[in-house]
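> Use the sequences and the hints to build the structure in full.
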Amino acid sequence: MSRSMRSITAALAALLLVSGCNSAATSGGSDRAGGEGAVRGVTEDSVKVGGIVSMTTSTGYSKKDTDLGARARFERANAEGGVGGRKIEYLGAEDDGQDPSKNLAAARKLVQQDKVFAIAPMSSTTFSGADFLQQQKVPTFGWGTLPSFCGPSYIYGFGGCMVPTPGGTISQTWPEGLKKVTGGSEGRSVAILANDSDAGTFAIRTYKQSFASAGYEVTYAEPAVPAGSVPSDWSAYTKEILRSDGGKAPDAVVSVMQTPYNIGLFTAIKRTGYKGVLTDPTDYDPALLAKDATRKALDGVHVLTSFQPFEQDSADMRQFREDIRKAAGKDVPLNMHMMTGYMSADLFLAIAGKAGEDLTVESFQKAANGFSDTGTMVGDRAEPKGQKESFGCGALVRLKDGKYVVSAPFTCYPPIPFK
Amino acid sequence: MSDLLGFVLSGLVSGALYALLATGLVLSYSASGLFNFAHGATAYLCALAFYELHSGLGWPAVPTALLLVCGVAPLLGWGLDRLMFRKLARVGETAQIVATIGLLVALPALGLWIVELLQDAGAPVRPAENQFGLPGVGPSPAVSWQPVDGVGVDSDQLITWVVTAVVAVGLWVLMRHTPLGLRLRAAVDNRSLVELRGMSADRLSSVAWMLSSGLAGLAGVLATPLLGLSAHDFTLFLFVSATAAVLGRFASVPLAFAGGLGLGVLQNLVAGYASFAERITGFRTAVPFLILFAGLLVLTRRQRTAGTAAVDAPPVDHLAGRSWRRRWGPWTVAAVLLAVAFYTVTTPFWSGVLAQGLAISLVFVSFTVVTGLGAMVSLAQATFVTGAALVAGLLMSHGWPFAGAAMVGTCAAALLGALAALPALRLGGRSLALATLALAFLADQVLFQTGWLRNGDTGWAIPRPVLGPVDLSDDRAMGVAMVVLVTAVVAALSALRDSPSGRAMLAVRSAPAAAMASGVSVVRTKLTLFTLSAGLAGFGGVMYASYSTRITATDFTAVTGLVWLAVVVAAGVRRPQYAVVAGLVFAVVPHLMADYVTESAHLPVILFGLAGLALANDPDGYCAALPTRLHRRRARITADAPERSTPQGAPTPGAALELRGVRAGYDGAPVLHGVDLAVHRGEILALLGPNGAGKSTTCRVAAGLLAPLSGQVYAAGRDTTREGAVARSRAGVLLAPEGRGIFPSLTIDENLALRLRAKGDRDAVYERFPSLAARRGVTAGSLSGGEQQMLALAPLLQRPPGVLIADEPSLGLAPRVTDEVFRLLVELRDAGTALLLVEEKAAEVLEVADTVAYLAQGRVAWCGPRAEVEADRMTEAYLGIGAGGRTGAQGPDAPGDQGHRPQEVPQS
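Protein chains in written order, with our numbering: chain A, 1 to 419; chain B, 1 to 908.
Keep in mind the hints are simulated off the structure, nothing from the lab.
Every residue, glycine too, gets a C-beta built ideally from N, C-alpha and C.
Which stretches of chain B does chain A cover? Using the computed rule of at least three CB atoms under 8 Å from a CB of chain A, they are:
1) 129-142
2) 218-228
3) 264-272
4) 345-351
5) 452-461
Rendered as structure tokens:
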């Protein structure tokens, strides 16, 4: 019996060897994207584009509307005659459910089965398809909050790479914007709070340097809040924070956490009678205004956005509203996921437009290299700079009396080196 | 000081929710003996329903909450009990754990799917995603007060406390002061005895599940403002509250309740004062799981040897002894076809999917080792996968070759496995599962948060290896390499299974005590299995990471491990090749579903969860079920034909209980070969016979605990063959089982109250038995053996049953007490009860018996009045030569011949 098994194993090993030689013979031609005259996903009059977005999740967090944003942008592009004479054939977004293996599977499906030229938008909490897309030379556009948006030559963040790397730079949008709220940073103190995880520790390290170099005195910076689930009790954290500035409260409390945490933290802090500035980077979502509890919890909070706030009037913003309304078929409340999808699509269109009529992966990459424009809703864009650092633009909006008002207008700031 | 007070007060909020969930866990566990991993999902479902009904449809808060907690949630519990849990209570622990894990993912998906459907139908429901700051039952936003300086309380907290206190009191009243509560507690104590007493344990189990679901629903509604609509958070919350259930040893509601409250406070205190651990990233996050793990280690009482599931009987291997070709031929052909397919038919996309499926099946095979061979449920396999891949990635980033890195990674995982196993192995079954789950969360939250190991969110690149001319970066080559690897692993594991050490492992699985007696070290065997499995999972993890070409610390979380286990067990965990099928199904089916069935992401998840339903019927998984069912059907066709022709005569007139031509046995092992017996009112029939003759089996058939294969059972002339123990008991046929027929955790008074509702009846018993009267508030378990037997018989004397079957009532009693017991039995007979008395103490029993029957080798060898009993005959019967020894001697007067003839029944 074991002899038969051994022979089977030997046969399989031989098979492997043969197949290996076979693959070695053919793998030289793996960059079929541009070869044989045909370009993947590009025909005479169309370009195929797909998206990857986490829509259904077990945590109740969804980026579903990213798809709508992208569709709105592509529909307008098509209405204006397409790009380089080609219409965009947008296949819609695959749902990766925040699952790494599904993310990779979605990338493989779009490339190998649907044969898309590019992926826009890609917005998820995980990006395990990145290596595959880079290897298959698929231009990909998305929200640059993951490390894969920093470095790989085919992957672009719509606002640049938003993950600072040691040796790179840190965007100063947040502290510089906050200066407009606190009336400068001279003699002002901030406390920074993050989740008790590696990501939280990294955020503390980043923003400690960022706020300090903007002139703030950082009196507290701890990744102290349990990351598993939202604490029911915040007194342990608020006490430490509110005594951090030599026994009294700091001028500003900076939270680097997600919405459910911020609701708990800010409610607890306000309950103590704190009168200083509260700020966080995640709660710019007009849907939060719909509920009394969130409206009250976040009232007065200054929220960082990395794009032009919906409240700031401009031609681009009016166009954005109009495009979204058309794509949705009705008036829908705007949110940042729509903006993410919209601007991911926009960056793709801008570069593809520069590549012109002869659209191949090579011509696209060539167009990207040295691409720049100014005054967009995410500020001044430039590639390949955007694959190393963020475009460095942002605004602060303040939730006041049930609506957001701009407290620090959308501006671009020079970054500082990250030590 | 006010800090401390604040921590304690607000700790009581999560404590109250833990208490509600833990109580529900204990109730459902005691009802069907299974740990409901889906308990948090039920809570989530109610939170979701509350949100949609209240905020979406605008229903008023309090009535909606009441409707959900008192109506919808119990209905869900009832439905699940009827569909799944009742059946699951009779299968092995692994299938139980896995079936509820299936529900854990299916129930939230079901809720979200319904919301999606309603939304499409135009109902004014709201999307369930990205919802924060949800209103609870109270005002929103919550009103807050500051009763003491520095201590804040808000209306949501207050509502949680008050409601929990009311529920606690309500539960206490229900359990301690109502007949229903008494029966529930009796069912917890001894489920089968409850059935013998004519109470339907199934119905009690339904009640317990309804209560349990209602409590989960209540926790869900109360937790809505705190947890929002994150199914993930609800599940985490549940795992933490499992600590409290452990504290209550899965049996005591008050302990679990108190444990839940204490847990909330403890957790808050640690979070508040844990500044000593600031340097360890993730420590504060991990506090609940540290408590869970410590709680399991400290509190779990050692009942059985580690991880053994006693009811986990292996299925009959109908291919045993067949040729190698018959056993392995189909698998070999499938492997070769798959390998060939990579280079012939599959598109690049499907090549990738298949390669992925094969890579994950390497991980899945590790379950075959730990769960299939070792009968231990490990929920930490994802941790070993992540650990090995991270280590391998770290080394490769330092220039190590693939093979070396993979080997070190595998060893690291094996080491991790051994470290995890050492403290956990002394735990059994569900405690081991929970402990490994706690370890998995600890690893996620502390170990894998270590910066140098995880390399931030970037993780490590694990390029695919190049072996000489074979470059695995081609998916087809990767696929074939995986086929070879998987084949090698499956072959190695099968060889291990058939080797002496494999047999030792299987021995430890099925009978640890016996294995120990044969010189097999149980602990060493289990440790070996756990380590081997962890190493295998690690190796699979490195291969899987090399398929994805990267590993990050968040790729495989503890919850991923739960889903994997469910996928593998659904396919079958006893053979490694089934795990390969599971891996391929896991990779391929979602794509097929998306392409051909539905675009909805929820439906596949729901279907996957329903695999739990299938497990309730085929606990060994679908791979094993198919051939087993075919085989069983074939066997039935050949075996059934002659049995159906058993003649069905009319019952003997006047017999209170009659067995006619009863054949019965256990799962293919026949015990009774046609037993005929009849007992009449006011008669004691003593059934004598040697060990193994089938006396207890006869009792079980007579009481309805075991359905006969053929033959009839009549109670007072009515055919009750197909009725179970409950109906039989209600028809007046009672069994006093071997050992003591009492509920040890209930007091004397409660034991009596189960049969004697009226206080007057109980007082009469106390008059008759003053020794019981003096201690009526004492738990029955603390009585002496004789007193316990008195307690079992006393209520029967007060209200004599039609038939009493007493299985060795004198077992383990002193002679004087035995006399007393027999005196009571005679008293019962005089009251008109028909008694079937099974005894080994033949001399004593002959003094009270009216009729005597000898049972030998599953047949009644002789039956007649006591006066005709001869000592020789009895000796022969006891030596087991009464029936079988004489079948050859066909003399007309040979006593053994009686066994083949209709029984001589003295007509009274």
